[in-house]
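Residue numbers (our numbering), protein chains in the order written: chain U, 16 to 258; chain S, 16 to 258.
A portion of the hints provided could be inaccurate.
[Claimed, not checked] Computed cross-link-like contacts, PhoX-like style, restricted to lysine-lysine with a CA-CA straight-line distance of at most 20 Å: (1) S:K160 to U:K167; (2) S:K18 to S:K64; (3) S:K18 to S:K63; (4) U:K64 to U:K18; (5) U:K167 to S:K167; (6) S:K160 to U:K160; (7) S:K167 to U:K160; (8) U:K63 to U:K18.
[Said to hold, decoys possible] To give a feel for the contact side, a few chain S residues facing chain U, derived at Cβ under 10 Å: (9) G23; (10) M32; (11) D97; (12) I100; (13) M103; (14) A104; (15) L106; (16) L125; (17) A144; (18) I146; (19) W155; (20) A165; (21) K248.
These are computed hints drawn from the structure, not numbers from a lab.
The structure displayed is predicted, hence computed values, not measured ones.
Beta carbons: idealized from backbone N, C-alpha and C, even for Gly.
Protein chains: 2
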Amino acid sequence: MAKLYVVGLGPGDHDDMTVRADRALQSCSCIVGYHVYVDLVKERYPGKKLLTTPMTREADRCRMALELARGGEDVAMVCSGDSGIYGMAALIYELRGEDTQPEIDVIPGLTAACSGAALLGAPLTHDFAVISLSDRLTPWETIEKRLDCAAKADLSVVLYNPASHGRPDHLRRACEVLLRTLPEDRPCGIARSIGREGQSRELLTLGQLRDAEVDMFCTVFIGNAATRFIGDKMVTPRGYRDV
Amino acid sequence: MAKLYVVGLGPGDHDDMTVRADRALQSCSCIVGYHVYVDLVKERYPGKKLLTTPMTREADRCRMALELARGGEDVAMVCSGDSGIYGMAALIYELRGEDTQPEIDVIPGLTAACSGAALLGAPLTHDFAVISLSDRLTPWETIEKRLDCAAKADLSVVLYNPASHGRPDHLRRACEVLLRTLPEDRPCGIARSIGREGQSRELLTLGQLRDAEVDMFCTVFIGNAATRFIGDKMVTPRGYRDV
Numbered sequence: 016m017a018k019l020y021v022v023g024l025g026p027g028d029h030d031d032m033t034v035r036a037d038r039a040l041q042s043c044s045c046i047v048g049y050h051v052y053v054d055l056v057k058e059r060y061p062g063k064k065l066l067t068t069p070m071t072r073e074a075d076r077c078r079m080a081l082e083l084a085r086g087g088e089d090v091a092m093v094c095s096g097d098s099g100i101y102g103m104a105a106l107i108y109e110l111r112g113e114d115t116q117p118e119i120d121v122i123p124g125l126t127a128a129c130s131g132a133a134l135l136g137a138p139l140t141h142d143f144a145v146i147s148l149s150d151r152l153t154p155w156e157t158i159e160k161r162l163d164c165a166a167k168a169d170l171s172v173v174l175y176n177p178a179s180h181g182r183p184d185h186l187r188r189a190c191e192v193l194l195r196t197l198p199e200d201r202p203c204g205i206a207r208s209i210g211r212e213g214q215s216r217e218l219l220t221l222g223q224l225r226d227a228e229v230d231m232f233c234t235v236f237i238g239n240a241a242t243r244f245i246g247d248k249m250v251t252p253r254g255y256r257d258v
Numbered sequence: 016m017a018k019l020y021v022v023g024l025g026p027g028d029h030d031d032m033t034v035r036a037d038r039a040l041q042s043c044s045c046i047v048g049y050h051v052y053v054d055l056v057k058e059r060y061p062g063k064k065l066l067t068t069p070m071t072r073e074a075d076r077c078r079m080a081l082e083l084a085r086g087g088e089d090v091a092m093v094c095s096g097d098s099g100i101y102g103m104a105a106l107i108y109e110l111r112g113e114d115t116q117p118e119i120d121v122i123p124g125l126t127a128a129c130s131g132a133a134l135l136g137a138p139l140t141h142d143f144a145v146i147s148l149s150d151r152l153t154p155w156e157t158i159e160k161r162l163d164c165a166a167k168a169d170l171s172v173v174l175y176n177p178a179s180h181g182r183p184d185h186l187r188r189a190c191e192v193l194l195r196t197l198p199e200d201r202p203c204g205i206a207r208s209i210g211r212e213g214q215s216r217e218l219l220t221l222g223q224l225r226d227a228e229v230d231m232f233c234t235v236f237i238g239n240a241a242t243r244f245i246g247d248k249m250v251t252p253r254g255y256r257d258v
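Pulled out of the complex, with its shape left as it was, chain U reads as follows (with noise of 0.2 Å):
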């Protein structure tokens, strides 16, 4: 029976993805995604049926998917980062329903948390919090209240998807949000284009993100009250009491 994998691939470049997504992606006989996802990896594995939806268009996506497993084929849906996070993973269970048809393996993958600390230090280390900033599936308010619940309680917090075309000021809101409860200085970092070309990252004060240029290829990291700057490092320390 035809199989439907629903694959992380993180950040972008082959060598994030892991062992795992790299053999399910050998191994299927068509590729479904975003038409950017399905570029990043195109090349590696040539000879698959390649299908892809506009951004908007992630139930038909996943409708496809599940169409070409039942039909027979070997289906991976390539997700950026984590197929689970953000990713498609929900909405191929939700369209699948009660059935047992077809067969689904969810093949996790690094999200941008992992690959974007890495790149500017060790910025995490502990509890922490990940929130989109967009408002097209959650009302903003929404994520104001967890902006806000994650700032009093000392969470460091990773923001997803800071800046859109549509809603370029997101950013400026959410650290106005954020500078209620926390300090001006609070260090923070940009991730930009993890693992792919263009790849950058940049350190800077809370005050300073609330002005900053952030696009839909960013991860932006708010340190919490124990992060600081080690050279040119963002790092949280984890509380080793014989440091």
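Starting from the structure of chain U, add chain S where the hints point.
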């Protein structure tokens, strides 16, 4: 000049390591780590010097790794899961301080929030918090505050270190904090020994979780208001409006 790799191994199975982590372990001359993690990799990478320290001697372990790299060894310091999240990357940077040598390369790995989620279905999908229940380095009051804030903000929650020999009742106490805000029937899941011998999974409600038996090899997932069970999977819908 020798290099110090801080390598996230992922949950345990070689298939869940990244290509980059595999390459670092192949190229290094020396593997340093907590003995359980060194045991996970030593057979696949023969001919390396192996150095281990007990669990609570993290700073000693990091000093040893830095010293070896300064002495010319290419060192892979291995961490379970990600190298940054509850891993050794921050401590390595702290102990190196403002020095720029030895060169440090933090190689991220799959953290249990990603690998455990894939085992259970797709329980995260959207915004979430990662909170450790270990009070070895964090006051319990801080942990309670974080749990309370996460529940109030409708964040899914991933609990690391839900129990150990010295603190068997931490999960019960954490559930009691969450139940101040969340309902008894909130869907939850436990991922055990992910990617290792004895891997298992369990779906249950938050009320049941309060009395569940867990150990240090468990990762616990608490859903948000939208999370539900679909067949034998724990799924948090992303909220695509056209489903």
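Against the structure, the hints come out as follows:
no.: 1; hint: S:K160 to U:K167; in the structure: holds, 9 Å
no.: 2; hint: S:K18 to S:K64; in the structure: holds, 15 Å
no.: 3; hint: S:K18 to S:K63; in the structure: holds, 15 Å
no.: 4; hint: U:K64 to U:K18; in the structure: holds, 15 Å
no.: 5; hint: U:K167 to S:K167; in the structure: holds, 12 Å
no.: 6; hint: S:K160 to U:K160; in the structure: holds, 15 Å
no.: 7; hint: S:K167 to U:K160; in the structure: holds, 9 Å
no.: 8; hint: U:K63 to U:K18; in the structure: holds, 15 Å
no.: 9; hint: G23; in the structure: holds, 7 Å
no.: 10; hint: M32; in the structure: holds, 6 Å
no.: 11; hint: D97; in the structure: holds, 5 Å
no.: 12; hint: I100; in the structure: holds, 5 Å
no.: 13; hint: M103; in the structure: holds, 8 Å
no.: 14; hint: A104; in the structure: holds, 4 Å
no.: 15; hint: L106; in the structure: holds, 6 Å
no.: 16; hint: L125; in the structure: holds, 5 Å
no.: 17; hint: A144; in the structure: holds, 4 Å
no.: 18; hint: I146; in the structure: holds, 5 Å
no.: 19; hint: W155; in the structure: violated, 13 Å
no.: 20; hint: A165; in the structure: holds, 7 Å
no.: 21; hint: K248; in the structure: holds, 5 Å
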